[in-house]
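Enquirer: The primary structure of each chain is shown beneath.
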Amino acid sequence: MTPKRVYGYLAEFESASALYKAAEKVRDAGHKKWDCYSPYPIHGLDKAMGMKKSILPWLVFCGGSLGFLTAITLAYTTQVVIYPTVVQAKPANIFTTAAFFPIMFELTVLLSGFTTLFGLLALMGLPRLNHPLFESEQFARATDDGFFIAIEARDPRFSSEETKTLLEDAGGSNIELVEEPEA
Amino acid sequence: MSHETTIQKDPNKPVIPVMEREQLVLNNRSYNWITERICGILENKQPAIWWMLFIPSVLIAIIGVGGGLFYLVSTGVGVWGNNNRAMWGWPIVNFVFWIGIGHAGTLISAILFLTRQNWRTSINRAAEAMTIFAVCCAGIYPMFHVGRLWMVWFLAPIPNANAIWQNFKSPLLWDVFAVSTYFTISLIFWYLGMVPDLATIRDRAKPGLRKLLYGIFSLGWRGGNRQWSHYEVAYLLLAALSTPLVLSVHSIVSFDFATSVVPGWHTTIFPPYFVAGAVFGGFAMVLTIMIPARYIYGLHDMITMKHIENMSKIILLTGTIVGYAYLMELFVAFYSGAKYEGAAFYFRLAGPYWWSYIAMMGCNVIAPQLFWFKFCRENLWVVMGVCMAVNAGMWFERFVIIVTTLPRMWLPGDWKYYNPSWVDIMTYVGTIGMFLTLFLLFLKFLPCINIAEVKWTLPKSDPHFDDKEAIDDQGTEAVAPYQHELQN
Chain A
5 MTPKRVYGYL AEFESASALY KAAEKVRDAG HKKWDCYSPY PIHGLDKAMG MKKSILPWLV
65 FCGGSLGFLT AITLAYTTQV VIYPTVVQAK PANIFTTAAF FPIMFELTVL LSGFTTLFGL
125 LALMGLPRLN HPLFESEQFA RATDDGFFIA IEARDPRFSS EETKTLLEDA GGSNIELVEE
185 PEA
Chain B
89 MSHETTIQKD PNKPVIPVME REQLVLNNRS YNWITERICG ILENKQPAIW WMLFIPSVLI
149 AIIGVGGGLF YLVSTGVGVW GNNNRAMWGW PIVNFVFWIG IGHAGTLISA ILFLTRQNWR
209 TSINRAAEAM TIFAVCCAGI YPMFHVGRLW MVWFLAPIPN ANAIWQNFKS PLLWDVFAVS
269 TYFTISLIFW YLGMVPDLAT IRDRAKPGLR KLLYGIFSLG WRGGNRQWSH YEVAYLLLAA
329 LSTPLVLSVH SIVSFDFATS VVPGWHTTIF PPYFVAGAVF GGFAMVLTIM IPARYIYGLH
389 DMITMKHIEN MSKIILLTGT IVGYAYLMEL FVAFYSGAKY EGAAFYFRLA GPYWWSYIAM
449 MGCNVIAPQL FWFKFCRENL WVVMGVCMAV NAGMWFERFV IIVTTLPRMW LPGDWKYYNP
509 SWVDIMTYVG TIGMFLTLFL LFLKFLPCIN IAEVKWTLPK SDPHFDDKEA IDDQGTEAVA
569 PYQHELQN
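Heads up: the protein sequence lines correspond to chains A and B, in order.
Residues in the first sequence are numbered consecutively from 5, following my numbering.
Residues in the second sequence are numbered consecutively from 89, following my numbering.
Treat the hints as calculated values from the structure; they're not laboratory data.
Please note that a few of the clues may not be correct.
With a Cα cut of at most 27 angstroms, we get these calculated DSSO-like pairs of lysine-lysine [stated by the list, open to error]:
{"#": "1", "chain 1": "A", "residue 1": "K8", "chain 2": "B", "residue 2": "K548"}
{"#": "2", "chain 1": "B", "residue 1": "K548", "chain 2": "A", "residue 2": "K25"}
{"#": "3", "chain 1": "A", "residue 1": "K56", "chain 2": "B", "residue 2": "K548"}
{"#": "4", "chain 1": "B", "residue 1": "K532", "chain 2": "B", "residue 2": "K294"}
{"#": "5", "chain 1": "A", "residue 1": "K51", "chain 2": "B", "residue 2": "K548"}
{"#": "6", "chain 1": "A", "residue 1": "K56", "chain 2": "A", "residue 2": "K36"}
{"#": "7", "chain 1": "B", "residue 1": "K548", "chain 2": "A", "residue 2": "K57"}
{"#": "8", "chain 1": "A", "residue 1": "K51", "chain 2": "A", "residue 2": "K25"}
{"#": "9", "chain 1": "A", "residue 1": "K8", "chain 2": "B", "residue 2": "K532"}
{"#": "10", "chain 1": "B", "residue 1": "K548", "chain 2": "A", "residue 2": "K29"}
Treat the numbers as computed from the prediction; the structure is a model and nothing was measured.
Go ahead and model the full structure; you've got the sequences and the hints to work with.
Expert: The structure is reproduced here in structure tokens:
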């Protein structure tokens with residue numbers, strides 16, 4: 005038999021409301037490495053879990069600014085510096101800027117969009133092909149109609165007895181110790 | 089809702105009634121029912137009607153787009169009947185038509201999301217898919233009109249051997265940027281929105297190829313709140329980016345016309361007129377494909393009559409805006425006293441293409457007026473009829489703009505009657521087949537309704553659903569519980 009490593013405890017909850025209340029209890033118990041799983045985003049759960057706001061908007065702001073600067077550089081360098089041509093009576097100098105607005109707008113949006121996609125994946129720690137939680141049979145319901153809390157073993161306050169009791173007190177059922185095969 | 093009636097009102101406080109919200113999912117369905125119903129579409133065998141639609145669509149696409157474009161590339165662009173004054177006839181008509189179809193998808197997913205219109209959740213996935221496929225159909229025309237397809241990279245602003253650069257001051261290059269950005273952002277929006285649902289399918293699949301593929305495309309999604317939290321911010325950002333984008337794309341497409349000096353095109357009303365027309369045509373197309381899909385797959389509880397009515401109302405609104413734009417164009421041609429503008433419009437109304445102007449007016453301005461009446465909005469045959477009329481009418485609108493203007497410049501030698509070539513017709517019909525093929529494949533392989541978001545609209549999804557009794561409601565009637573969090 006392959007040796008196994010404990011990932012953590014997984015507990016199921018009845019509803020979004022039950023999950024919300026349990027999340028407040030786990031937060032107040034001082035746990036850090038844990039998460040709530042639900043088939044749809046539950047608004048307000050961030051507060052119940054004591055989470056900070058996502059930093060994604062700042063990343064996207066930087067990405068968008070980069071796009072804007074790229075557009076200015078691209079349009080100005082090519083049209084005014086490298087290859088100045090008067091077409092449609094539009095001058096080949098700084099006063100042409102107005103004709104570059106659509107390009108600036110589009111590139112700002114484009115780079116913001118890419119930053120959103122890749123920034124999001126980086127922040128979520130995705131993509132990954134597997135995860136210890138997928139070892140749990142009941143966890144498949146997390147994307148259907150199940151509400152779960154998983155507290156990881158690497159949490160400093162994790163203990164096999166107390167964590168289980170905490171989840172039980174919070175109203176969790178089907179409490180399961182999730183183990184992953186040692187790599 | 090039975091839940092609401094249990095609230096104990098304080099008799100000392102005045103009761104302020106708040107309108108009860110209509111349920112977005114009927115018959116009090118469970119989460120699992122929603123999953124089963126939507127995933128069932130792609131897990132079970134497709135009904136016979138799917139094959140009856142799919143096989144002809146594929147054939148039309150292969151013969152029309154495949155054959156037409158193969159003939160074009162091997163012979164030359166002259167086979168599109170453009171070697172005359174019209175220069176761009178059907179290619180630009182069809183390009184603008186398909187791009188316009190796409191807009192409703194982005195409008196539903198982005199603008200209705202930002203304005204918290206929860207009814208969008210049942211239709212946004214299919215509408216976004218429609219956007220992607222319509223832009224694919226549109227993209228064919230600019231790509232192939234260059235003739236030598238392998239030179240299409242000349243459109244991109246990268247250093248080339250000729251040491252020349254694209255003209256950034258040209259609306260045609262703006263178009264390249266606008267359309268490619270629009271396609272990319274729509275694709276990201278569509279895909280990211282689908283990741284949680286792909287994970288649902290993955291978790292239901294038996295081990296095998298299917299699980300592997302959906303596993304790869306769902307990126308290992310687990311539905312943890314630490315993921316959802318970032319995910320929702322990303323979705324909001326994409327919606328916020330798409331909203332100005334969707335308005336800009338068709339504005340820029342209209343700049344292709346408006347920045348020229350051609351009478352009938354050189355007008356400031358073009359950007360808003362094109363955007364309203366695009367939304368109008370797009371919504372008609374969403375209804376045209378969703379009403380049959382709703383019927384075939386039994387999605388009545390999720391795509392309710394409320395959804396159809398709401399979309400009908402948007403069609404009525406945008407159709408009326410479009411009608412206003414048509415009349416305003418005529419009025420300006422008359423009132424400005426510009427001779428050439430007046431002549432161009434006289435030609436539109438009374439020239440040899442009068443039939444296209446009548447078709448445009450009848451389909452786009454008169455037909456949607458039926459939606460003033462509730463019984464018309466509730467009769468699916470009427471709704472389908474009007475939407476079909478709008479689809480055709482919006483095609484005629486682009487035909488009127490392009491074909492009634494270009495072939496008649498100011499030398500009598502230019503006044504040839506423009507006719508599309510058979511390759512033009514074949515390719516256009518082919519793109520309809522291609523659009524249907526892609527949409528049918530979408531229905532077969534991807535979740536056509538946003539599972540996670542529909543679940544979110546259920547009243548019991550509110551984390552405070554159980555505490556309703558405990559909340560001091562200040563003597564007001566409660567709105568639907570899922571709205572509660574948004575009001576804080």
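Enquirer: Flag every earlier hint the structure violates by its number, smallest first.
Expert: 1 and 9
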